[in-house]
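The residues making up each chain are set out below.
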Amino acid sequence: MPGITITGLTKRFGEVGAVVGLDLAVRPGELVALLGPSGCGKTTTLRLVAGFLAPEAGEIRVGDRVLSSPALVVPPERRRMAMIFQSYALWPHMTVAQNVAYGLRFAGVGRADRDRRVDEMLRAVQLGAYGARYPGELSGGQQQRVAVARALVVEPEILLLDEPLSNLDASLREEMRFEIRRLHERFAITTLYVTHDQAEAMVISDRVAVLREGRVVQIGPPEELFEHPRTRFVAEFVGKTNLIDAVADGARSVARGDLRLRVAADGLAPRAPVVVSIRPHQIAIGPPAGAAAAPAGANVLAGAIVRASYLGEMVDYQVRLEGSDVVLRVTGPTPARARPGDAVAVTVPAEACVLLPAVD
Amino acid sequence: MTTARPRRLEGVDRAAPIWVLAAAALLMLILLPLGWLAYMSVRGAAGFTLAHYARVLGDPTLQKALWNTVVLALWSGMVALLIGAPLAWLTARTDLPWRRSIQHLVMASFVTPPFLGAFAWVMLAGPNAGYLNRLYRELTGRADPLINIFSMPGLIFVVAIYTFPYVYIMIANTLGLIASDLEDAASILGAGRFQVARTITLPMVLPAILSGFILAVLQALALFGSPAILALPAGFHTVTTQLWSFFQYPPRVEMAAAFSMPLLLATALLLIAQKQLLGRRGYAAVGGKGAQRRVIRLGGWRYPALGACLGVLGAAVFLPYGILLKAAFSRAWAQPLTVDNFTLDNWSFTFLSLTTQSAIVNTMELGVLTACVGAALATMLAYVTNRRIIAGHQVLAFLAVAPVVIPGVVLAVALFVAYTRPPFLLYGTLWILFLAYLTKEMPVGYSQSDATLRGIHPELEEAGRILGAGRFRVLREITAPLARSGIIATWCFVFIGVIRELSASIILFSPNTKVISVVIFDLKEEGQFGAIAVLGIFMLVMTFVTVVVMQTLLGRDVMGGRQAGGAA
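For the protein sequence lines, the chains are A and B, in the order given.
Under the working numbering, think of the first position of the first sequence as 1, with each following residue one higher.
Under the working numbering, think of the first position of the second sequence as 1, with each following residue one higher.
Derived from the structure by calculation, the hints contain no laboratory data.
Hints are supplied without guarantee of correctness; some may be wrong.
[As the list claims (entries may be wrong)] Distance ranges between label pairs, derived from CB positions:
no. : chain 1 : residue 1 : chain 2 : residue 2 : range
1   : A       : Ser139    : B       : Ala191    : 50 to 60 Å
2   : A       : Asn167    : B       : Leu553    : 26 to 36 Å
3   : A       : Val203    : B       : Thr94     : 50 to 60 Å
4   : A       : Pro288    : B       : Gly192    : 58 to 68 Å
Even glycine gets a Cβ: it sits at the ideal position worked out from N, Cα and C.
The shape of chain B in the complex, shown without the other chains (with noise of 0.2 Å):
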């Protein structure tokens, strides 16, 4: 045994500076560049302005793509639970058929890039050539389309059957919680079928489907995909498209950050009244070890019910991966897949592209990159506000779940704004995508790794440190080998978030820096929607990869945890 004198120095935790770095570059990845957006959106000639603020607020061109963005917002959001909610109902509490399935594509409709889900549905419902439209001209002989998916209404369509796995998701965790003997209280004091779900049921389900709602919206107010391949043609805007518009030449940068403070007032003020809903319930009270639920019998219902489940979901999974397997096997994707229509030329043609392959290259090795700075950073700050290491570990926790309201264009436009001058000329490099994907997945990652550390209880360290481990040792064999599988969800939880990034990476990349969203929006400029099917099928096994590696590793549900991200 050694003989330990008491110096002064025992008292100094030597991995102090490690947490307060942590710290510090989470402060700097997001003040910064909120910092140069708030700046830059006051800035005039002759020092503060509010005439940028005067100007995009009064010109009614915004003031309509303002407008159009309310009206997708709400009505996506509205029809997001009008799925969502009888979905999460029917799978969580009924006798429902291929209950598990129906989970599952649910969770691949939740994975698939929504831009993605754009791109199938202009094949499926184009108005001239779509294949549903041409498939109704056939059997009806009319001249006209069935539907028109550059409208507002397809747009909402489109975005609504990809965010409604928001509201299920909330919904279906809230059901899976309360048990049946709250129900059979109210029964066995008298309350009917209806009464119970009227006074009981519905009364605890309330802030989780709001929640959902709110999830939804803001979702639909932070895309930049689909409005952008849908609503541009129809000839309107939404803020996010217009966003990226000032940036097309010239770019009028002090325009775009003045015009982005609506949207990331809205979406703050949106996840702000989200945890007040959440917060002033206790969830706590709906749980409860070894909880029977009671399974409610739909009788005759069963299957129209299966029936409206499968329908849902084939307009959000089955048609579109069925359009764009047809599309990346054929010669013209409109034309019925024949022996003479089927080709692999889609496939050499994309892969050997020097655009695609650099695109590929630079996707991996941002998703790589990352996922592990950011799986890395995200534990560090979790372990330190778990542990309650440094003062203001509060702050923290804050700031590491703040990005969910910055929806991707702004952040790129902040980004644009603060790493465009010295001392950080990124723009034009990987690095400053590396930053916006590190800041866009932070929420997620810190949050799954956070629940990580919540479960590895401290007394497990502490009994390490007491037997005469230090605090490095026991972080490495104690913390680390209990925290892996947790921190290998968090890598691959960035990873995906990564690969299918577009908002912010289609205003910060350049020709040189391209990944493979940014290439596939690239391909509907000149129309290869044989080349978008084989780089959007590429990315969707890329993504599937992930999460069945992710559900081995941890041996569960992992998609169904999450519930909140951000949107691609």
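Extracted from the complex, chain A is given alone in its bound form (with noise of 0.2 Å):
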């Protein structure tokens, strides 16, 4: 089982550079989400990985084989490699058995063999009693489900998945993601898979390649990027959170006006300009009061409920903050305690206030 190495990949369509000298590693047996939001070039990384586009420079390699670079590009036939498409492409005209079956031709596999393959991975997919109708007679989850099958059947070294889910209803899209996530760890295949849901990526993969701009920003495990975000974008685009312009004002505390915040980090240089990332869930609210009660080394503010948004599981607060410009969003439990107007206290943990460079 190989992994993928892509090493300074470039492709440009115009004057417009898609994807601009990204590097990336997959392991062999690993998942990997490509997230970005659209234009970023996750979706010409793929097809450049397929072989459907050539790259301008750099290359991808497969194991120690080089697929493509811009001396040469092996076509797509020739890779070993499966893709789910966004629109499933499966063919109208062929029965569900003969879509699964299409790629067993070319991979060498016997009749008899073939049948009895088609049929196994057709099961595996709860679709065992559907090999003999045709797409047009399935519903959209179980086309989603033929065209797994026909991308796993052949048992590719390397297996593609462009935005799958994205044409599913909601709660069919998260049951699929539990599924892919089950499939891959039965196969363990190497998977790209692209995305721009970030509750997708961290469901289903190993680890998360944030894209953009044609370059990966961050890449590391779904915690990892939460938790620990390198950059304002990543910040923003994983997940939601606050974030407050800022200035060093002591080794592990940051100022803007008069609000002071301490920070998990220290020798930070005085007067230097950053950003704080503060997670809404990380933030406690509770009466002006209630202050007393935290625990030590966490910021606690004044400030007043600007508006309390019901969401059922959880209620979305905003409260702006006494003495300062800052808006906060606030995640507390249900039912909700607090109403516009009232004054709150927020308890910020200093551990939940992380630092980003001020600029991307």
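The two chains are supplied separately, each in an independent frame; assemble them into the complex guided by the hints.
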């Protein structure tokens, strides 16, 4: 089971650089998600890996085989990969079984063996009884599973997925996330997964690569990205957060006007501009008198509720801090304990204040 | 599994020669004749000259022909608009009775070769023997005819009743796309019914109205058959008939080339104007899935409106088809169809004639050959442009639809110039007709193929590639089966266009290479209306059979989607 090594990959469309000097290493058997907003180059990267596009610079290796470089592009059919497309790309003129069997014809699999493997795979995706149907006769979720079966049955070295869940409705999408993760754990194929949905990326992947303007800006396990974003962009893109522009005013504290925050760092250079990221769920909210109960070293700040949105399993508050222009978003438990206009105290542990560079 | 060791050759697209060949064929098909035409128009004994232009533009007779064409085209366009726009609105948005049937009849008028309609109207409204005129004389006892079809108004009328479907299709398609909620949004804000129509509906349909008008004008400009049948006996020329007469003995090719240019320029400008109109306002905004369209109740106007529709269709379909049928089975077409007057001789006479037999064989050979080559070439070109396979694919897309601006007569002049000299000595063979038809039908064929391939998501092919199928195998096993019915439709469109073609054929035929339309035109000189009717019906039956085959195969109303085509 080989991994994928991408170095210095570059592809332009006209003047626009879709992918610019992208480096990425996917370990054998690992599932890496390429996450980013539209236009960040994630789909272009995937299509370069598949061999549908030729790079202008850099190379793509699988194991020690060079598959793409400006001098040579191995055509898609020789890459021993499989791909699941956003549109599923099921052939409407073939039955489900014919769709799934298609790739086996080029893998040197005998007819009897082929039928057996198609059958097994269809059962693995819970479509055992649907082999004779046509794709047009299946629901969206079933079509999705046919696409998965068609890709996995050939036992590819590499599996590529291009936003495969974006055409499903919300509940089915959530179910399919676990399904894809389960299949990955069973087959352990080296996988690249393109998505713009951070929740999807976090559920499915071993590691997430966040892309921006054709480059990988950060790669790591979901927890690491969420808890230790290295840039403002990553902090904002992965999960909700409060970002506060400030300057260092001590080794372990920053200031913005009259607002002072103790942060999880030391050795800050005085007067250095920084950005502080605070996740809404790490902030505690309570009555003004409750501040005494706060752990030592936490920031206790007075404020007033601007807006309280009841969301069922939680309440999304906006709190204006006293003597400051900062409005914090805070996630509180239900039922709602404060209403707009109420004075509150918010408690922010120092370790929840993650420092980021002021410029990306 | 084979061990795929990367070699340089693997990066080469083995299908590339096919794409390049298709592109080269298209370039040659269009640029060679037009290049020769332009060259011929400025070629003098001593090199470059504008003398031909000076002569054709300075000649009062030719100026008159130009003027007649302008009058004919603008009036026909206007009449077509006056007929087509209300008809489109009535069938698309109201509770008019028999809407489906009326739509089908409009399409029948659309596929009727205009020159056949012109013949029918000669039989209906010729000043002396015309059926309607004789009826009028019998009823009123007067001596002068009611209508003289051999006149400019007569010509305008006959051209308009066969070009209004262009306006109709444009407007009906657009009206069908405007959801009622756009109009409801205006009503809820306080606009009255008339204000909604004026401020919402009309501005949204306006580009379609104007571009339908332009398409109708284009058709009228390019027509040869109707003016040849109606204007020449009336003693006046249009540009197309004038171009044709340059080829009567002695041929004056340079004059024809120079005289082609104003017509070519006019059609090109009109088409650019039409594209601008359609391009500026986003039709995408007009779309929307599951859009509700409310039916407007006509109330007491239902039956008067139906009467008006039937009147138009009577002039375009019922009366002409009726008189053709009557003439086909009569000894004397002008007499009532009694038992004595009934005969099948017209049929045996027509089909036993060696000229006719060879014309039918020629037409069929050309129809099948052009349709096969045309469908194949159009599909390949559409594939190249859709999948952006080679550099400059936009140029190919442009060139493939460019012949729309070339009137058949002008194309014939250009082909005559290009293929009467080495290395291509094709004049006098069926091949020059084949090239004319192939060029003329390319826009229709390409548009149809383009629509087909747009409907096949590239990911369907990519899914095959990544699983191990090569480019050719994917084309054969995935693309071709999915495109099959679309390719058949392309084939049918081209075939229908070819079997009715007159305006290029009339210049490019030779005694051994006559086609049905040319034979019909010749029979006019001999006054053989019975035989004309028989051949006309034969042509119509072939056309309708092809349309029905196509609609059955595709399971949808294909003619409705067609927006622009060549004139017959």
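Evaluation of the provided hints:
no.	hint	result
1	A/Ser139 <-> B/Ala191: 50 to 60 Å	violated, 43 Å
2	A/Asn167 <-> B/Leu553: 26 to 36 Å	holds, 30 Å
3	A/Val203 <-> B/Thr94: 50 to 60 Å	holds, 54 Å
4	A/Pro288 <-> B/Gly192: 58 to 68 Å	holds, 60 Å
Hint compliance for this structure: hint 1 alone is broken.
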